[in-house]
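J.: What follows is each chain in one-letter form.
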Amino acid sequence: MIELSDGGIASTVQDRGRFGQYHIGMPPSGAMDQYAHTVANYLVGNAADSSTIEMTYQGITATFHEDAVIAVTGADMSPSINGEPIKTWTTHAVESGDELEFEFATEGARAYLAVAGGIDVPEVMGSQSTYTLVGIGGHEGRGLEAGDKLSIGDQPDEASDFVGTQVADEHIPNYADEDTVRVVLGLTSYRLTDESKEQLCNAEWKVSAEADRVGYRLEGPDLEFKEREQPFGAGTDPSNVVDLGYPVGSIQVPQSPIVLMQDAVTGGGYATVGTVISTDRGRLSQRQTHKSVYFEEVDVEAALDARNEQEDQLEQIRSEIRSEI
Amino acid sequence: MGTERITPAELPDPRYEYGADDHVFVELAEEMSFTANFKAMAITQQVAEREIDGIVENCPANASYMVRIDPDVIHPDEVIAELKEIEASIDIENYEWETRIIDIPVLFADPWTHETVMEFRERHQDPDATDLEYSAELNGFDSAEDFIDAFVGAPHMVTMVGFVPGLPWCFQMVPRSEQLEVPKYVEPRTDTPSRAVGFGGAFSVVYPVQGAGGYQLYGRTPVEVLDTDQTLPDFGDSMVLPNPGDILNYRRIDRDEYDAIREEVEAGTYEYTYETVEFSTDEFFESPHEYNEQLVEVIE
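Just so you know, the sequences run in chain order S and V. All the letters of the first sequence, read from the start, carry residue numbers 1 to 325 under UniProt numbering. All the letters of the second sequence, read from the start, carry residue numbers 1 to 300 under UniProt numbering.
Treat the hints loosely; a few may be bogus.
[Said to hold, decoys possible] Pair ranges (Cβ atoms, derived): (1) V:Glu10 with S:Pro254: 25 to 33 Å; (2) V:Ala260 with S:Gly135: 53 to 61 Å; (3) S:Glu227 with V:Glu115: 34 to 42 Å.
The set of hints was computed from the structure by calculation and includes no laboratory data. Idealized CB from N, CA, C, for every residue including glycine.
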């Protein structure tokens, strides 16, 4: 069992996500940075869909009440055990009584703590992910707080063999440099003027303070809509369309763009103008408030290639880890 | 009233769009119509029936729909080809589906939404009127009472569920000439009571949870549309009550009935009044008012 003396800023239990419920307004939730989440699991010998603890900017402080095998990936929050710094993207053994602590994130915004055996919380609709808006999944459907006690799932026998394994440098993202996210334009982008479409891909956008698991609001130039007589049912504002479904990763433009993330609002009446490709949603979730973001237009084949590359990379990481044990 | 039929809308060719590598979005029309919505529902029902490998989510919306796919299993272009084939095979004028007619009691001009309406007056088009008074005037009614009569005078079809879990968008089942239409707030509110009944564009909604919102507010229902603990007997299979294609019949109630129902809901014993019927688009288009009366009769 892990006992928290500090829950950090916005820490939740997450796995790959909850699927098949979007039509009733239930977003997938799940880890914002699926790459870092998956690697953390691989480091401790878990399957990719085991749950981890996602921490935002400031991590938890926790005491382990049993021996465990852990790994921390994602943003660097300078983790330490009993005051001794430990390496990230590396597997460590902790003993009962050990205290794990984090500092404020230096680069990147979200770190993932995986424990061999996973975090043992009940599944809701096939997933352990927390969706705080309606209070389901994870630990009591909410963010973690001081005093919370989290059970660890059954530790695989060979878990201790993973201690000391680490991810090669070439697979560790440099969050400070990753300011570009790739986008497939489309959806209802016909609402934007040609100039604004160009602007979307050329302008420097800044992550605003309103950036969370639901969406990332970006600040930059004002976008303009083509003039039209609004169709019946759309509403009066030029940014309004007849309410439609919002893909996860889609960019809606009430005025300044909002990129919808894992706890997305699933639909609404604002024009959507494109979708951040699946691999780059995780990169965007690691951009800190006030940092720059650029959109790079790609076609769907490039998006599929990027996805396949990332999957190959994850498979390579998994086999490299397995060859070390 | 009485004889007007609904003429099916002429729809443009659907627009198939990639939502990056893992979604396909299909816009059936830019304008809202029953034809567009029924088509979205028919296509997504067929998608569900075919159990296509690699389709992870399947979501009808008001005049569009989208699917989420697993590109490791199926290429977006293969999905689009299949969706086009389904689209070509559907005859929307002779389409039927099983739907529920659900009784939704509403206390109009209730004290809770009234307080919210007053609190956010400066964000409204007409700060000196209530949302009901404003909507009544805009739609050519003499009083808020007459507007409410029209609002409850015909059932509303759930054309989309989303934004947050359990929130139904509903389109009133009347010819275009009788449809109500109002703008959303100039600036969205930061607060709305849970179970508030609102209206924006041409859609009525029930807010499942307390939160932001921009629709005109008219009343509050004592019944839940979302029950995450699945305590109420009608939530055994799902956390949410309304499904796309269901029909909500808003019914005006007084404070005593509101309190009585609320007590049952809080005790976890309330059972919804609803009946399952076969909905025929053809019969509805042919004589909407008579057909609505038949539909609503089953729960009266």
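J.: Each of the hints needs a verdict: does it hold here or not?
T.: Tested hints:
no., hint, verdict
1, V:Glu10 with S:Pro254: 25 to 33 Å, "31 Å, holds"
2, V:Ala260 with S:Gly135: 53 to 61 Å, "27 Å, violated"
3, S:Glu227 with V:Glu115: 34 to 42 Å, "39 Å, holds"
Hint compliance for this structure: hint 2 is the single one not met.
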